[in-house]
Structure formats: C-alpha cells, structure tokens
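Listed here are the chains, written in short residue letters.
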Amino acid sequence: MTESRYRAPLQTALTIALLLITSVALSADPIVLNPENQTNVDEKYIRSILTGTERFWEDGNEVLIAVLKNDPEAEQALNRYSGMTSSKFKNHWQRIAFSGRGKMPKQFNNLEELIEFVNRNPGAIAIVGEGQKRNGATNSPLTLISTIAHHASGPSDPTPPGH
Amino acid sequence: MTELRQHPLAFLLSALALIGSALETNAQSLSTGGFVSVGYLESSHYNYLADSEKGTLDFVEIGLNASWTPANRTTINGQAFLFELGPYGNYTPLVDYLFVDYAKSKELGFRAGRIKRELGLYTHIQDIDIARTSILLPHGMYDPRYRDFSASVDGASMYGSFNLPGDQRITYNLYGGFAQADPEGGLAGFSLTAISRTTIDNRIKTLEADGTYGAQFWYNPNIEGLRVGYGLSRYFGIDISTQGKFPDALPDPLLAGKELINLGQDLTYEIDQLSIEYFLGNWNFTAEYQWSHVGPTIDRIIGGVFFPDTTPPTEFEVWYANASRRFGKLEFGLTYTSSPFSKNDTNVGNATYQKDTQLSVRYDVNDHWTLKAEVHSIEGTKRLFNQHGQNPVLDQDDWTLWAAKSTFTF
Numbered sequence: 010m011t012e013s014r015y016r017a018p019l020q021t022a023l024t025i026a027l028l029l030i031t032s033v034a035l036s037a038d039p040i041v042l043n044p045e046n047q048t049n050v051d052e053k054y055i056r057s058i059l060t061g062t063e064r065f066w067e068d069g070n071e072v073l074i075a076v077l078k079n080d081p082e083a084e085q086a087l088n089r090y091s092g093m094t095s096s097k098f099k100n101h102w103q104r105i106a107f108s109g110r111g112k113m114p115k116q117f118n119n120l121e122e123l124i125e126f127v128n129r130n131p132g133a134i135a136i137v138g139e140g141q142k143r144n145g146a147t148n149s150p151l152t153l154i155s156t157i158a159h160h161a162s163g164p165s166d167p168t169p170p171g172h
Numbered sequence: 003m004t005e006l007r008q009h010p011l012a013f014l015l016s017a018l019a020l021i022g023s024a025l026e027t028n029a030q031s032l033s034t035g036g037f038v039s040v041g042y043l044e045s046s047h048y049n050y051l052a053d054s055e056k057g058t059l060d061f062v063e064i065g066l067n068a069s070w071t072p073a074n075r076t077t078i079n080g081q082a083f084l085f086e087l088g089p090y091g092n093y094t095p096l097v098d099y100l101f102v103d104y105a106k107s108k109e110l111g112f113r114a115g116r117i118k119r120e121l122g123l124y125t126h127i128q129d130i131d132i133a134r135t136s137i138l139l140p141h142g143m144y145d146p147r148y149r150d151f152s153a154s155v156d157g158a159s160m161y162g163s164f165n166l167p168g169d170q171r172i173t174y175n176l177y178g179g180f181a182q183a184d185p186e187g188g189l190a191g192f193s194l195t196a197i198s199r200t201t202i203d204n205r206i207k208t209l210e211a212d213g214t215y216g217a218q219f220w221y222n223p224n225i226e227g228l229r230v231g232y233g234l235s236r237y238f239g240i241d242i243s244t245q246g247k248f249p250d251a252l253p254d255p256l257l258a259g260k261e262l263i264n265l266g267q268d269l270t271y272e273i274d275q276l277s278i279e280y281f282l283g284n285w286n287f288t289a290e291y292q293w294s295h296v297g298p299t300i301d302r303i304i305g306g307v308f309f310p311d312t313t314p315p316t317e318f319e320v321w322y323a324n325a326s327r328r329f330g331k332l333e334f335g336l337t338y339t340s341s342p343f344s345k346n347d348t349n350v351g352n353a354t355y356q357k358d359t360q361l362s363v364r365y366d367v368n369d370h371w372t373l374k375a376e377v378h379s380i381e382g383t384k385r386l387f388n389q390h391g392q393n394p395v396l397d398q399d400d401w402t403l404w405a406a407k408s409t410f411t412f
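The listed protein sequences correspond, in order, to chains X and F. All residue numbers for the first sequence refer to the numbering used here, where the first residue is 10 and numbers rise by one. All residue numbers for the second sequence refer to the numbering used here, where the first residue is 3 and numbers rise by one.
One chain only, chain X, in its complex shape:
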C-alpha cells in the first residue's frame, strides 16, 4: 500500500530529473528539451524557435513549444527569450497558426503536465521560470539543473521577432 502510494510521485520526480538533465541553462532560466533531442542551442537559436522561424529541429522533428500558464516567472523568461510581451507572443502565434504556418504553443497549468508533454514529444521545448529552479533546490532531482549550465554552444541564428 505504502509502496504504491509513493510510486506515482516518485515516477514524476524521476521523469523531471531525466528531462532536466537534458535541459539547457541559459542565464538563469532552464530550457527543457526532450532527452532524445541532441540539438545544440543558444539564446539566438531559442529565439528563432520561439518566433516560428525554425520549425523543425536538425533531426527533422517538428518543434512543439510548451508554456506554463499563470506563472509570472515562466512568463518573464518567455518574454526575454522571445523578445515579445506575452500578448504579442500569443498574437504572433495566432497569426502563424491560423494561416497554417505552424502549431500554436501548448499551454499547461502545472509543471508536471508540461514535463510529461516534453517527455512524450521528441520535438518539444519548454521554458520554465526561475521558480521551478528554486523549487528544485528543495527536491533533490531538480537540483540537477544547475549541473548542466553552459550546455549551449549551438549555431548562431539572429532572429529579431516580428516574423
């Protein structure tokens, strides 16, 4: 009984740990990628993804953006990487999605659902805020995030928003 009670949270924690091992620390905000995704990314590359210029990863998988709803810190991080305010980001992607040129970023209410989405989709990318990193300090698997800083050294892709 006790074992099954703790199995689900343990599995979630392990999944988060696995995903965050492959995440990229840019400045203070973690970028979460699927473990299968071996693309080297830097801040400019992330921007080209968040503006819809890069629609596929190097391995051909489609980019699927995941964002956390109602999380001011995740929102701040997203704004910084995309170069757009939240309303502009949403508006920008509505223009893309409703003309058939890309898929709307998926919104999630909590970190677990977002991580699960990233885990299921090889082309998924999520930006979570500093809060998730701090929370991680109280939960041993999440502390792994600080050990993978400077993963990024990918191709340069200057992409001013507005595309």
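Just so you know, the hints here were simulated from the structure itself, not pulled from any lab data. Incorrect hints may have been included.
What the hints assert, rightly or not - Subject to a maximum C-alpha distance of 25 angstroms in a straight line, what follows is the list of computed DSS-like cross-link-like pairs (lysine-lysine):
#, chain 1, residue 1, chain 2, residue 2
1, X, Lys-97, X, Lys-115
2, F, Lys-331, X, Lys-115
3, X, Lys-53, F, Lys-108
4, X, Lys-99, F, Lys-331
5, F, Lys-207, F, Lys-247
6, F, Lys-106, X, Lys-53
7, F, Lys-247, F, Lys-260
8, X, Lys-99, X, Lys-53
9, X, Lys-78, X, Lys-97
10, F, Lys-331, X, Lys-78
Note that the structure is a prediction, hence the values are computed from the model and not measured.
Mind docking chain F on chain X? Use the hints.
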C-alpha cells in the same frame, strides 16, 4: 484545380478524412484549433459591407483548422471557413486553405495545394480577428468583400529565411497558381457598382480569373521588433463583363431602353505594397502603402454598337498608419486610412476618395474570449458598393460607422 475550386465541400471532406487518419496514427502530431466570431455593424448613413444603416448582426466568421505532421519536416494544414457579411458569404462552408508543407531547411520550404496568399501584413490573416486590435482592417487595402479572390490561391509557393551579417534577416515567400472569383463576391460587386447608378437589371455576364502570382519580402534589420516589407501581386487573364439596360424613360433617345455591356477581357490587376511594422514593449506601430492598376481597358457595347475604351488604365492608391497600445487586458488602437483621388477614376464627387479615422478598443476577457468595439469617422464614399441598390444616392460626404465584435477561439 478548377473542379476543386468549384467543390469546396470535397476539400472539406478530404480535410476531415486527413484529420481522422491523423487521430488514428499519431495523436501528438495533430493540432487543431478554431474560432467563432460574431459582430455588429451600424452606420449613420449609407450601407457599408452589410445593411449597416439599420444596424446588423450579419457579420459572422467561423473557422476550424488542423495541422498534422505525418513525417519529418512535412506538415499538412487545413482550415474550413464560413462567413456572413451582408450579401457575401451566406454561411457557405469553404476551404480556406489545405496544403502540404515541406520545410527542407529554414532557408527553403515548399507548399502546394490551396495556400494562403501573402501580401503585406494582413492579407493571409485577414479573417483572423484576434490577430489585431481593430475589427475592420484598413478599407481599400484589406477589403473583406474581396476575400473570394484575395485570401487563397490554388497553387504552390516557395518560402524561407536567410540570415545576413550583423543580425539582419530576409524572409521571402513566392507563390503562383489559380485565383478564385465568386460571381456573388466583391469583385463582382465592385464591377456592378460601376454601372448600377445608370442602368437597370444589372448582372454579371462573365467572371473568370486565370492565374495569379506574387511575392512578399520582409527585411528585419538589427533593431528588435522592426520589420520592413515589399510585396507584389499580379492577376492575369481576368474576364469580367457586366450587363444592364438603360431605363426606357431616359431623355437621351440614343440610350433609352438600350442594352449596355461593359466588356473587360484578358485584364491584368497589378498590386504593389510597402509595409512597416514596429513593436516596442506594449506599443505597436504599423503603416502600409499600396498602389495598383487594372488594365488594359474595359470596352462598351451599347445597343449592339461597340465603343472601344480609349482612357488609360485606372490607378488606385491607398495608405494607412496605425498605433496601438496595450494596458493589461485592454488594447487601444488609432488608425488613419486614406484612399485619395485616383488617376483616371471615372467616379465623380465624393465617390473619388475615402478617408477613415478609426478608434478601436479590444478587451481580452480570458484566453479564449475577446471583445472589441470601434468607431470610424469617414469622409467620402469611394468604398461604398451599390450592386444591390444598397447605396443608390451618394448625397452625404461625412458619415460614421460603429462596429462591435465578440470572438471565441479554441
């Protein structure tokens, strides 16, 4: 292609079949969305777009889209759409777009099928109310009555994006294909308007549009939020003829009771457009200038006698400037649009120009629901149609238009 154009429901069913198969094969690669938009129009004088003088709710747009990724770098995208705007649309479902998209790289991609036609900031998203602050886009440049031949093209396109030194970027989109023209659409309305105040029993005799091609280029300098664009669009092989009859009671015996045919054969319609967009924090600024002309000429047959048109092709101009600012869930926009007097315009008086000062407010109630309201202070009557006798007399220079809209997206 012609058969597909004539049977949008076939497109729709194909799209649904694709969606169904996508659901079975890989649910994660499928993305769906849509919108339902209901609006209200009222004007102080004249009927603009719909029967607005009495106030009308004949202003509805519904879209349902899906995007499926069956293979690496390949997507299939489709959107079913229906709308009602006064005499246009009539809730008839149509396929807005349905195409295969292969992105070889960021620099080179291809689309084939029914693709969106890109010109300027809004042509390809003219139906997407939530993608802008205002309800109505600048008149004369983005006219919802013309969506039958301006929104989509049955053909193919090539697109991509190149980085330039110093964090600059060029984006391009080249397309070609077949245009659609609806005998009940805006092009027909515009043509019938030209004869509507002189003849009776007017109707479209011929309306066909052969081919179209175009290009849109965007340049992003190393200034965050700024882009500058140039686009061109060419239609060729347009045959458009209208037929009417001069009233029997006309004082001129040479015209009274005679049949009039306006004969436009193998016409070309050439459009060029410059665009600029800049957003800075919660501010957004846009401005565009479009110039176009229709040629060569439209001849006349009056009572069986042919009268060649000797006037040069008519040239049209329109420009607008817009500023909008967001305050949390609220957004305000101010737009000034001008269609000045055109060279060789056969209109007279206030029908030779139209100027519109437009104040818009948008409120995002939540992630899925948006409310909008706006007021237009308009001078001139250039964009008023009369194919149904909705504006028989242009007796007032200044008029006001109010609009409201509620849009639900999912």
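Here is how each hint holds up against the structure:
1. Lys-97/X x Lys-115/X: holds, 16 angstroms
2. Lys-331/F x Lys-115/X: Since the Cα atoms of Lys-331/F and Lys-115/X sit roughly 21 angstroms apart, the hinted pair holds (cutoff 25 angstroms).
3. Lys-53/X x Lys-108/F: At roughly 14 angstroms apart (the allowed maximum being 25 angstroms), Lys-108/F and Lys-53/X satisfy the hint.
4. Lys-99/X x Lys-331/F: Since the Cα atoms of Lys-99/X and Lys-331/F sit roughly 13 angstroms apart, the hinted pair holds (cutoff 25 angstroms).
5. Lys-207/F x Lys-247/F: With a Cα-Cα distance of about 13 angstroms, the restraint between Lys-207/F and Lys-247/F holds, given a limit of 25 angstroms.
6. Lys-106/F x Lys-53/X: holds, 21 angstroms
7. Lys-247/F x Lys-260/F: Measuring from Cα to Cα gives roughly 6 angstroms; hence the hint holds.
8. Lys-99/X x Lys-53/X: holds, 20 angstroms
9. Lys-78/X x Lys-97/X: holds, 15 angstroms
10. Lys-331/F x Lys-78/X: holds, 15 angstroms
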